[in-house]
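*Asks:* Sequence:
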Amino acid sequence: MHVRAPAVAGLFYDADPGLLQHHVEELVSAVSAEAQPCPRALVVPHAGYAYSGAIAAAAYARLRQRERPIRRVALFGPAHRVYLEGMAVPAADAFATPLGNIPLDTAGMARLAGLPQVRVSDAAHREEHSLEVQLPFLQAVLGDFSLVPVVVGRCDPDSVAAAMDCVWQEPDTLLVVSTDLSHFHRYGVACRQDARTCQRLLDREHSLVSEDACGAQALNGLMCTARGRTLEMELIAMCNSGDTAGDRGRVVGYGAFSLH
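The numbering of the sequence shown is my numbering, which starts it at 3 and goes up by one.
No lab work stands behind these hints, which were simulated from the structure alone. Check the hints yourself; a few may be wrong.
Have a look at the derived ranges for each label pair, beta carbon to beta carbon [to be verified]: (1) Asn-103 with Gln-201: 35 to 45 Å; (2) Arg-231 with Pro-19: 33 to 43 Å; (3) Gly-102 with Arg-206: 33 to 43 Å; (4) Gly-116 with Arg-66: 30 to 40 Å; (5) Ala-247 with Ala-115: 31 to 41 Å; (6) Ala-112 with Ala-52: 34 to 44 Å.
Note that CB positions come from ideal geometry on N, CA and C, so glycine has one too.
Can you make the complete structure from the sequences, with help from the hints?
*Replies:* Structure representation (structure tokens):
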């Protein structure tokens, strides 16, 4: 079996399985358990858990309300470590975290690989953290599921939407888009810019750029999907690293959304 090993365990989150399980469960259990609609899609941040873990947990806690099983997760996030034209799925059979292996949906990835702007590349996935940091949350909340991981590089919104629509048809599939918001502004500037970006997403705009969000390509694609245009979209939480574990002179923004 070809398993993609964790690249940022011990950096973005705990490498020890017990500590990681406890930390994720602590973050999720801190979220109010009041009844909320179960998401068909989530938008979540991907910084280290000390920085954005509470915002991500606010989104993943919504999955506790599910009435139907979620058996597959289609996970889209931006390329940080390699330059990528289009999108990439891995050749791996599973992704590993300290909490165990997650099987990949090879049939779903094969369908994606048949699309014009999708290629197979382990290199695009090997060191990418935007997808990896979501996995312990998904393992803790969902238990067993299969994964369709997609790294998104330079790509037009319609192509990303086509890839999302390709793997988001079944009712037991959750779509997750991984993105942070603005990067390295002073606190007040970041707050204003991120508020504008969040409102643009609520308005279903699909013209974001990397200065708005590092996952702009995936977000624009989501806004162009059939469901992205029609599902109710809710801003769950928003903050930046100046509110959590960083100074306020140079912050990174985080937001979490539910589509239901």
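*Asks:* Does the Cβ pair Asn-103, Gln-201 satisfy 35 to 45 Å?
*Replies:* Because 40 Å falls inside the window, the suggested range holds.
*Asks:* 31 to 41 Å was suggested as the range; check whether the CB atoms of Ala-247 and Ala-115 agree with it.
*Replies:* 38 Å Cβ-Cβ, so the 31 to 41 Å window holds.
*Asks:* Looking only at beta-carbon atoms, does the pair Arg-231, Pro-19 fall within the given range of 33 to 43 Å?
*Replies:* 40 Å, holds
*Asks:* For the pair Ala-112 and Ala-52, does the Cβ-Cβ distance stay inside 34 to 44 Å?
*Replies:* 37 Å, holds
*Asks:* Would you say the C-beta atoms of Gly-116 and Arg-66 sit inside 30 to 40 Å of each other?
*Replies:* Cβ of Gly-116 to Cβ of Arg-66: about 35 Å, so the range 30 to 40 Å holds.
*Asks:* Holds or violated: the 33 to 43 Å window for the beta-carbon distance between Gly-102 and Arg-206?
*Replies:* 37 Å, holds
No hint from the list above goes unmet by this structure.
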